[in-house]
Every structure is written in structure tokens, then in C-alpha cells.
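Start from the sequences and build out the full structure, keeping to the hints where you can.
Protein chains: 2
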Amino acid sequence: MKKTVAIIFFSLFTGSLSAQKTYPLYEYTELTDTKPHHSDTIWRKQVKSPRLAWGSTDIRYPQQNIPAETFGTKTRLKGWKGERVNAQAVLWSAEELQESTLSLSPLVCGKDTLPTDAVSLHFVRYVMTDELNKDGKGGCGHRPDKTEWDSSLVADPLDIVKARDVRACSVQPVWVNVWIPSTAKAGKYKGTLTVAGKNFAPLQLALEIEVLNRTLPAPRTWRFHLDLWQNPYAVARYYQVPLWSDEHFEAMRPIMQKLADAGQKVVTATIMHRPWDGQTQDPFYSMVNKTKRIDGSWSYDYTVFDKWVGFMTEEIGIDRQINCYTMIPWSLQFDYYDEATQTVQFVSAKPGEQAYEQYWSGFLSDFARHLKEKGWFEKTTISMDERDADAMQEALKVIQKADAGFKVSLAGNYHEELEPDLYDYCLAFGHNFPRPVKERRMQAGKKSTVYTCCTEAMPNVFTFSPPAEANWLGWHVAAGGYDGYLRWAYNSWTEDPLRDSRFRSWAAGDCYLVYPGMRSSIRMERLIEGIQDCEKIWILQQTLTGRKQQEKLQQTVEMFTPEGLTREEITPMVNRAREILNSL
Amino acid sequence: MKKTVAIIFFSLFTGSLSAQKTYPLYEYTELTDTKPHHSDTIWRKQVKSPRLAWGSTDIRYPQQNIPAETFGTKTRLKGWKGERVNAQAVLWSAEELQESTLSLSPLVCGKDTLPTDAVSLHFVRYVMTDELNKDGKGGCGHRPDKTEWDSSLVADPLDIVKARDVRACSVQPVWVNVWIPSTAKAGKYKGTLTVAGKNFAPLQLALEIEVLNRTLPAPRTWRFHLDLWQNPYAVARYYQVPLWSDEHFEAMRPIMQKLADAGQKVVTATIMHRPWDGQTQDPFYSMVNKTKRIDGSWSYDYTVFDKWVGFMTEEIGIDRQINCYTMIPWSLQFDYYDEATQTVQFVSAKPGEQAYEQYWSGFLSDFARHLKEKGWFEKTTISMDERDADAMQEALKVIQKADAGFKVSLAGNYHEELEPDLYDYCLAFGHNFPRPVKERRMQAGKKSTVYTCCTEAMPNVFTFSPPAEANWLGWHVAAGGYDGYLRWAYNSWTEDPLRDSRFRSWAAGDCYLVYPGMRSSIRMERLIEGIQDCEKIWILQQTLTGRKQQEKLQQTVEMFTPEGLTREEITPMVNRAREILNSL
Numbered sequence: 006m007k008k009t010v011a012i013i014f015f016s017l018f019t020g021s022l023s024a025q026k027t028y029p030l031y032e033y034t035e036l037t038d039t040k041p042h043h044s045d046t047i048w049r050k051q052v053k054s055p056r057l058a059w060g061s062t063d064i065r066y067p068q069q070n071i072p073a074e075t076f077g078t079k080t081r082l083k084g085w086k087g088e089r090v091n092a093q094a095v096l097w098s099a100e101e102l103q104e105s106t107l108s109l110s111p112l113v114c115g116k117d118t119l120p121t122d123a124v125s126l127h128f129v130r131y132v133m134t135d136e137l138n139k140d141g142k143g144g145c146g147h148r149p150d151k152t153e154w155d156s157s158l159v160a161d162p163l164d165i166v167k168a169r170d171v172r173a174c175s176v177q178p179v180w181v182n183v184w185i186p187s188t189a190k191a192g193k194y195k196g197t198l199t200v201a202g203k204n205f206a207p208l209q210l211a212l213e214i215e216v217l218n219r220t221l222p223a224p225r226t227w228r229f230h231l232d233l234w235q236n237p238y239a240v241a242r243y244y245q246v247p248l249w250s251d252e253h254f255e256a257m258r259p260i261m262q263k264l265a266d267a268g269q270k271v272v273t274a275t276i277m278h279r280p281w282d283g284q285t286q287d288p289f290y291s292m293v294n295k296t297k298r299i300d301g302s303w304s305y306d307y308t309v310f311d312k313w314v315g316f317m318t319e320e321i322g323i324d325r326q327i328n329c330y331t332m333i334p335w336s337l338q339f340d341y342y343d344e345a346t347q348t349v350q351f352v353s354a355k356p357g358e359q360a361y362e363q364y365w366s367g368f369l370s371d372f373a374r375h376l377k378e379k380g381w382f383e384k385t386t387i388s389m390d391e392r393d394a395d396a397m398q399e400a401l402k403v404i405q406k407a408d409a410g411f412k413v414s415l416a417g418n419y420h421e422e423l424e425p426d427l428y429d430y431c432l433a434f435g436h437n438f439p440r441p442v443k444e445r446r447m448q449a450g451k452k453s454t455v456y457t458c459c460t461e462a463m464p465n466v467f468t469f470s471p472p473a474e475a476n477w478l479g480w481h482v483a484a485g486g487y488d489g490y491l492r493w494a495y496n497s498w499t500e501d502p503l504r505d506s507r508f509r510s511w512a513a514g515d516c517y518l519v520y521p522g523m524r525s526s527i528r529m530e531r532l533i534e535g536i537q538d539c540e541k542i543w544i545l546q547q548t549l550t551g552r553k554q555q556e557k558l559q560q561t562v563e564m565f566t567p568e569g570l571t572r573e574e575i576t577p578m579v580n581r582a583r584e585i586l587n588s589l
Numbered sequence: 006m007k008k009t010v011a012i013i014f015f016s017l018f019t020g021s022l023s024a025q026k027t028y029p030l031y032e033y034t035e036l037t038d039t040k041p042h043h044s045d046t047i048w049r050k051q052v053k054s055p056r057l058a059w060g061s062t063d064i065r066y067p068q069q070n071i072p073a074e075t076f077g078t079k080t081r082l083k084g085w086k087g088e089r090v091n092a093q094a095v096l097w098s099a100e101e102l103q104e105s106t107l108s109l110s111p112l113v114c115g116k117d118t119l120p121t122d123a124v125s126l127h128f129v130r131y132v133m134t135d136e137l138n139k140d141g142k143g144g145c146g147h148r149p150d151k152t153e154w155d156s157s158l159v160a161d162p163l164d165i166v167k168a169r170d171v172r173a174c175s176v177q178p179v180w181v182n183v184w185i186p187s188t189a190k191a192g193k194y195k196g197t198l199t200v201a202g203k204n205f206a207p208l209q210l211a212l213e214i215e216v217l218n219r220t221l222p223a224p225r226t227w228r229f230h231l232d233l234w235q236n237p238y239a240v241a242r243y244y245q246v247p248l249w250s251d252e253h254f255e256a257m258r259p260i261m262q263k264l265a266d267a268g269q270k271v272v273t274a275t276i277m278h279r280p281w282d283g284q285t286q287d288p289f290y291s292m293v294n295k296t297k298r299i300d301g302s303w304s305y306d307y308t309v310f311d312k313w314v315g316f317m318t319e320e321i322g323i324d325r326q327i328n329c330y331t332m333i334p335w336s337l338q339f340d341y342y343d344e345a346t347q348t349v350q351f352v353s354a355k356p357g358e359q360a361y362e363q364y365w366s367g368f369l370s371d372f373a374r375h376l377k378e379k380g381w382f383e384k385t386t387i388s389m390d391e392r393d394a395d396a397m398q399e400a401l402k403v404i405q406k407a408d409a410g411f412k413v414s415l416a417g418n419y420h421e422e423l424e425p426d427l428y429d430y431c432l433a434f435g436h437n438f439p440r441p442v443k444e445r446r447m448q449a450g451k452k453s454t455v456y457t458c459c460t461e462a463m464p465n466v467f468t469f470s471p472p473a474e475a476n477w478l479g480w481h482v483a484a485g486g487y488d489g490y491l492r493w494a495y496n497s498w499t500e501d502p503l504r505d506s507r508f509r510s511w512a513a514g515d516c517y518l519v520y521p522g523m524r525s526s527i528r529m530e531r532l533i534e535g536i537q538d539c540e541k542i543w544i545l546q547q548t549l550t551g552r553k554q555q556e557k558l559q560q561t562v563e564m565f566t567p568e569g570l571t572r573e574e575i576t577p578m579v580n581r582a583r584e585i586l587n588s589l
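Heads up: the sequence lines are chains C and S, in that order.
Counting in the working numbering, the first sequence runs from 6 upward without gaps.
Counting in the working numbering, the second sequence runs from 6 upward without gaps.
Fair warning: there could be bad hints in the mix.
What the hints assert, rightly or not - These stretches of chain S come out as covered by chain C in the derived footprint (C-beta under 8 Å, 3 or more residues):
id : stretch
1  : 243-250
2  : 286-293
3  : 297-305
4  : 343-353
Claimed, not checked - Listed below are the simulated DSSO-like cross-link pairs for lysine-lysine, each with C-alpha atoms no more than 30 Å apart in a straight line:
id : chain 1 : residue 1 : chain 2 : residue 2
5  : S       : K402      : S       : K443
6  : C       : K26       : S       : K297
7  : S       : K443      : C       : K297
8  : C       : K377      : S       : K443
It is worth saying that the hints were derived from the structure and are not from the lab.
Every residue gets a Cβ at the ideal spot worked out from N, C-alpha and C, and that includes glycine.
Structure follows, in C-alpha cells:
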């Protein structure tokens, strides 16, 4: 008809899924650091260039300053069989180093050699970061204007490229990771790290790894309850592949495998639209379908949920627990597909209201039936974030009414009245379970863990956090008598995570620990060290016979409590504790 | 987690479906007319009050003015067997008339009587209207600010209440409609219209209906191709019943029955979201579901479409044609349910683009299969509004590729190149089919009709349009050699249609012809008269033997062309023509 009408363009929910920009998967150029740094004149004054020396895994070496602190040409690492150990070397040069490559000679001890696939070598890359809140207290809050924050490039991503041109007058750290086979013989293994290239003579460093006569079992069997939340939506967007397509799962495979190797126990699943109100660059959608038919009946479809959970449990091996978010989102809007209008509609209801129960009870009963069919019911929890206690009580009622067997998980503060109903209870950093409660929970096989997020200035895993803080967290789990650690974001990538870890909210790096590619990070490797340390502590607590040794271990562990913690102490504290641990 | 986050409240698509306000279904109070009118003093000066006299169905009697023109105490109507005839009486009083009721004595002719259920009596009610555009040219365009328009109360809705208190110093028109049974004997039937009440002596008027010895068949069999677009969504919202629930269909039943009795041939169906971009108070949603599965396949569901079309064809009897809107909406956004995100997504694509064909071809093939299963394929058309010819050509290609048997309908201007492919082609008022084309189309059984909308200043059916203009339209169909008439809105009600026919777009009344209740209107009854007149013309063209009479008929009909049309001529032209028609 000839009607004058405003053409209203609207496209719903496409959000970041419709992103047209593409981002690097292999080679890329870093952003430019605007910080003052050594001038080319200073760089050229150096007697010897290029140079290679051992550095410290505690240091994020500035990209354009001549390294202040290096540690010669020999380094010695200690580790258990089955443990991953890390070292960092530093390469720097006044001239460009073309097509630099890394290699490590076989690590040999007498007639024994560590297999070459035990070793991984990485060029450390630089990512844009910012800083803590101006008051120095944590990194929460919105950061819409990046210019308000002091930004700089920091060393964090561990690159996967095999050859790099190192820019003139710059530093190129090199990360060495050795996963000692559990079948290795104890002893001192020696090898040589070589950096070679097109326009310079090979540079070499000596590496020794002392394999101790103790064994750390495979991550899958670790007692440590690790729960880093996965974001499959970020992967689909970044890799520009259809969500839940085969390509999508192939893209996720190495990323989730890395997580499994860190000891992850929990699959992150969603049972409603935008459980966290789209706070991440790539919002979480629902993995289940709830359809309201025109006859008033409801039907539910689990195609996506089954495919995702099946992939994680059966193919990746993260199969201990499935956490389903959430019944108490920030925005109390609950989605369903409305057959009458062929649209998505939202029920707006608070826990305790009839509309809330109507929406959830029907779904939860059917969900329980489905989970039992799949054999997943026992490992599934209905998950909540910290909300006011009344709301959580009301939600619990609805869950238990739907199926008394449902497990429930909560990440939040300590609520005495809720505790008995929570299978997986994760406390905010600084909160503790009363010892008898913790005992009871342990005997009941319940999980009692701790989390950090943007709230903590330190210890934390922001891209600007000192690397040792990531390691510290594992020790804290042991010190606090927790079963493990939770972080809200394993890979909720920013728009361009390889180049810029800053986000519209929270201090830089809060949203992810690993990079596309799949690339690990200094933070992730140091966090794994901490998790390994905790596992080792627990093993020694079971196996150490000498009372003196037990006391020494206990004293060492007890240092790792938040009380009177200062940033300066953390790194030396971690190093000293790790030495002691390896001496027991 | 303890994140600071903006709580973004959002509720999608709920639109008017979530309307909390409720609106009257039975008794209600009209808005107040701010127009100057006769003072109470003038009203009280009247020698006789209350008074009742015959009026004219051409006049919308002002509510607060003593009627300027009435026509005594006797009136005579003429009609064919099976025809509906209308008369209007005017009641006015300086004092309030309490509990006024209407009755008509049996209409008697010798020993024959017309059955009482042939008669319906209505208090005419008053609704707020506005005016044509300031330039006097039509009523298109947006009208966000009601104060910019000269608004007034006009007589239009035909109420269903049986007793009314008539306000002091006001006019209460009374509408008389008699549906002459096709079994009635020819002759002059006489009866008495009585208005009685609690506080006044009964008032009476004489009514005579001359039943002519010709028969108008039942509306269902009329040749007149009537296509007034239905809006089921408006009914659900106004009646506050769940869309497509049994209560919804019960609410629609009398409204759609009225439409069937007007000779409606077409069911209005939608096959995508907001085909007209939500231009009406209650937007149209899709009646079919298109789901994109995560394996890339598509599935389609027709539950809503089948229920709506089944209701209209089988229960209401509007079963000649099903028009499905649309492949070329204003906003080229095409909805589907995305299993990956459990959300509604939109394909943004133009006809001719691959994404456009991909979206439509799969659906149309499956739709054809489904329609054949239901036995509806032959009566279904894929419908388009006027769009640029290239886009329409591209859409046609996709349709024919999906199933060469698909019928297509278009309401728009005349496009020679498209005409052969259009089964149902409705031209904008003022456009004509070349005579040979019309001949060919008629022989092929194709429908060739005409439409009016906001464009025409007159003749039109705005709430302020002179009633005879609605009647004129039927004559125009005969004069233009069309098969029928289309209007874009039968019941796309405004927010409060009983009290206020103004809308955010277009001149008042453009959006609907009938009122909730189900209440007819002066416009609707006069439109039905026009349709009946056209049907009578076609019958006489077939049956009149006398050449002179045929010529007389033809001359009379030919007056009804847009050329040189003036508003003043319309009413007398219609009256004269109807006299002649009843004299043949």
C-alpha cells in the first residue's frame, strides 16, 4: 500500500555474532607502546648485541628497555615427574633480528633423555593493558573512556609462531615450558636453548632440569577443583565460524584441552538468555530452548546443551561437573520462544513470585528427566551468583520442588542458612568456611572453593599483575583449606584480545587468561604452577612421614592468607615457598 | 560474582501484547467534544422535547446540536430479497432520557411478516476523529501531535447496548438495519419504530420496506472480490486474551462473521515478522515458524497458520483465498529462530541477493508441500505490496523456482511486465487495467481489483468521511470494471478504538471499519450497501433484457469514475444511482 512509514531497521540479538571485523589467528602486529623508553642511542651504546640471557618468570620484561635484571647463561629448574616447569630467557638487540627461531637440544641425563614433545618454546608477545582503579583498590567498575587510564604494553601472550623478526632496539622474551613425563627417571637433565636467525650468529643458554623422585599425577585426577568459566560464544565470534558448527568445536578443542590440562573440573552451561546480562564482549545465550505453545503447554529442546556438554565431557574430558547458569540473573528477565508470535518473549519475575515458579518449575522437572536420561543428573548443578539471601532461598525452594535430587552451586559470600543446601559453594576471596562446616562438607563430598575477580587488587591475574600472584592463588587454596579455585572468565575475550586486553569494564585481563590461537599466557602458566603446587602440598600432607617436614610444610603454607598481604611480599614469598616445597 | 554492572532491563517484542490498560467491551463513556454547539438555553427553547424523527443515513448528526435536517415520521425503504437496507432515525431531547430502549413492531405485508431476527436496531455512538491533511489532499503521513489537528466527535459506531440514558441537550441517532430474507415475498411491509424510556412517553415512527421482486444471493456466493485485511493481533490485545487461545477465537468469531457477511473472500496471513514494520497499533507477527538448526538445516512449523486459516475457512466460511504477506516488506529484515543462540535472528537481504533466495526458497518449497497436504495450495497466494519493479521481479523468480504453481498477489500500481504473473492484482485507486488485459485476466479466472487507502481525500471511509462515500466505492468497482475492492485495514484498531479513532499515522478511521464489541459502523454498513449495489448491477447486466434499461444502467454506472469528482456530488450521485438501480 502507498503508506508513508518510517523504515525502522532492527536486528535483534545478533550482537557480536554479526561482527564483520576479523582478527588475527596466526601472525599479527602488536599495538604501539606510548611509554617513555630507552632511546635508540642508548640501545646502540651497548657493547654486545644481540644478547640472550636467562631471565625470571616473575618479570614482564618491558619491550623497549634494555633488560635491567638478567641471570646469566645457566639456569636450573626443579620439578616432580608429571609436573610442568617454566623458565624465561630474554633476547634483546639494537639491530633487527630476522627470522629468529627457537630450539632446545635434547635434555639428557646420562643415557636418559626427555622426549622432545615434553618441551614447548614460545616468543612472549606484548598486549595493551591498563591499571588498577585510581584508589588502588581493585579493578571493578566501568571504563568507557580508555584515555582515562594509564595504558601500556605488557608481556603476556605466549605466541605459537615458529619464526619472528625481532625489531631493532627491542626485547624479545622467550618462554620455556617443560612437561616432565611421569615416566621420566629422577636426575639432572641438561640441554641447550638456541636462538638462531638469518642475520646473526646463534645465541645459546644452558638449561638444567632436576627431576625429583616424586610424581604428580595426571591433571584429570587432581583433587584441585578448578572452575574457570568457558565462553564458547567468544570463540565463534573471534574465529568467525557458525556457533556450534563442527568448525566451532574444532576451534574450541585446543583451548578447552589446555583448560583440561590445567585440572578443570567444571563445564560452564547456560539455561537462560544472557545470565550475566551481556556483560562480556560476547554475551552468553541460552543452551536450552523453552517454547511456549499456543495451547499453553511448554516444550523444551536440549540439542545445543547436549552437543556442548557432550563435547566437553566426552571429547575434552572435563567431566566432573556441569554448572548451569542461572536462576537469579542480574536482570530478572527470563526468555522463552513464544509460538503465538514466533518471537522471543521474556517473563519478568522475581524469585518468590508465582510467574517465577511457573517459568522454572516446569523447565527444571523436564531438565531433570533429560539429565537422568543422559546420565548427567548426578554431576549437574543449578548455579547461582551472589544475590540477596531471600531470593536465593526462594530459588532453592523451586529447585527442590522440581527435583529434590538437584545439586546447587553458588559463588558468593558465606551464608550459614544456605550452606547445607549448596553442593558446590565458592566463597569470595577473604571469606572462609568455619572449620567444622568445611569438615562436614568434605565428608559429604561437597565442594568448598574460593574465587577472585575484579575486586582484588592483588593477588590477581590482570595482564599487569606480577606473574607470581597467579601462582600465589594455588597456595592460598591450600592455606585456606579450600578444595579449589574459581574464576569467572577463562576466555571471555575482548574485541581484539591478542592486541588489547582492556575492556569497557574492569581492569585489563580480567576477562580472559588465554589468547586465541590457541596461545597460553604468563598468567595461565603461573596459575597452573600454583595449582600444581597445591596438589603437591596435598600429596605431601598425605605422604610426608617426618613430623619436622610436616611442620615445615604447614608453616610454609600458612603464610598464604590475605591478612597483612603486601604486593612486595608476594613474589619472594612464592619463590621461597616453592623452594621449600621442592626440598621436601 | 561481585561485578558492578548496569542492569539493563529489556523485554523484546512484547509490544502491545503486554498492554496493561484494559478497554471497554460493553458500556463506555464517550470522550467530550470541545466543538462549539447549541447552548442549553437554545435547547430549552424547544417547544417539544423529547423528539424523534427520521433522519438520513448520509448524515453524521452532531451530538450537541439540535438536528438541522430531519425527514418527518414516515420513511420508505426499497430492497431486493436477501438485501440489507438501512435507515437512520434521530432522537433528541433537552432533558435526560433514562433507560431508553429501541423496538420495531413486526413488519407486516397482508398476512406476511418479516421475521424479527431480520431487524437490528442500534444506538449510534460518537468517536473522536480528526481531518484530512492541511492541504486537503488525502490523509497520509505521521500525526504524532494530536493537538495539531482539528478534532471532533462524530457519529459512527453502532452500539450493541440495549438501553441507554440519553444525556440532556443531546442527540441520539438510531440506526435501523433490516436484512430482508431471500425467502420474503415481494410487497410493502409496514411497521413502527418505538423509542421508550423510564421518564418519557414512548415516541414512534412509521417504517415501510418495499421488498422488490428480485433476489440478491447470499454473500458467500457474491462475485464481488472483497479483501479487507484482518488483524487478529489487535483482537487479542484489546480483549486481553492469549493470542490464538480459544478465548481469542471466540472474540474474533462475531468480528470475522460480520466480515464474511460483507462478502469477504480472502484470509490475511503473515509468513514473516512485521510485514508492515509494525505500522499498526498492534503489529503483525509471523504465523509460521522458521528454525535454523545448528547443523545448518531448516525446519518449519505451521501450527499458528493452520489454526488461523482453518478457523477462517472452515468455521467462518471465508474460504476462497489465503493471502500470505510478504516477501518484500518495507524493512528487508527476515526473521528466523536461531537454535544456536535460542534467539530470533534476522537475515538482512534484498531480492536478487543470494541470502534472500536462500532464506525464501527453502521455506517456499516446504510451504508448498504443506499447503498441498492441507488442500490449500490452489487458493493461496504469496502477497506483495507495491515495491520497485525489479525487486518484485526478483521475488517472482524465487517463488516460481520454489513451486511453479504458486499464485502471487500484488496491491500496487499497474506494471505491464508483472501483470501476467499476478493471479490477484489490486490497483491503486485511479489506475485501470487495459480492457483487453482485463478481459484476458477474467477469462483466466484471475482477480483484478482496486484499493483505496490514506491517499484518497475522497471517496474514503475515514470516520469523518461523508457516509455515502463508502457506498460510492462499490459503484466504482462496477464502473471501473474491477472484480472487487481491497482495503488494508478491517480491524487494525487504535489503542482505544471505541472512543478515539485518531492514530499516530493517517487520518482518523483509516485503520479500521468496525469496532470491538462486535460493533458495526455507519461506514461499514454503507460500504456493504455499495458492495450489494455492485453485485446487483452485475446481476442486472446479466439479466436485464430491455436495451433501454441496459443503457440506463450503464449510464448510471459510468458516472462512478474518479475523473472530475467533487465531494459535493458524491452523496446526491449515490442516492440518485441507487434509486435508478431499484427501479430497474
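Checked hints:
1. 243-250: holds (count 4)
2. 286-293: holds (count 4)
3. 297-305: holds (count 3)
4. 343-353: holds (count 10)
5. S:K402 - S:K443: Holds, because 24 Å separates the two Cα atoms, which is no more than 30 Å.
6. C:K26 - S:K297: holds (24 Å)
7. S:K443 - C:K297: violated (48 Å)
8. C:K377 - S:K443: Outside the cut-off at roughly 67 Å; violated.
Violated hints for the displayed structure, listed by number in ascending order: 7, 8.
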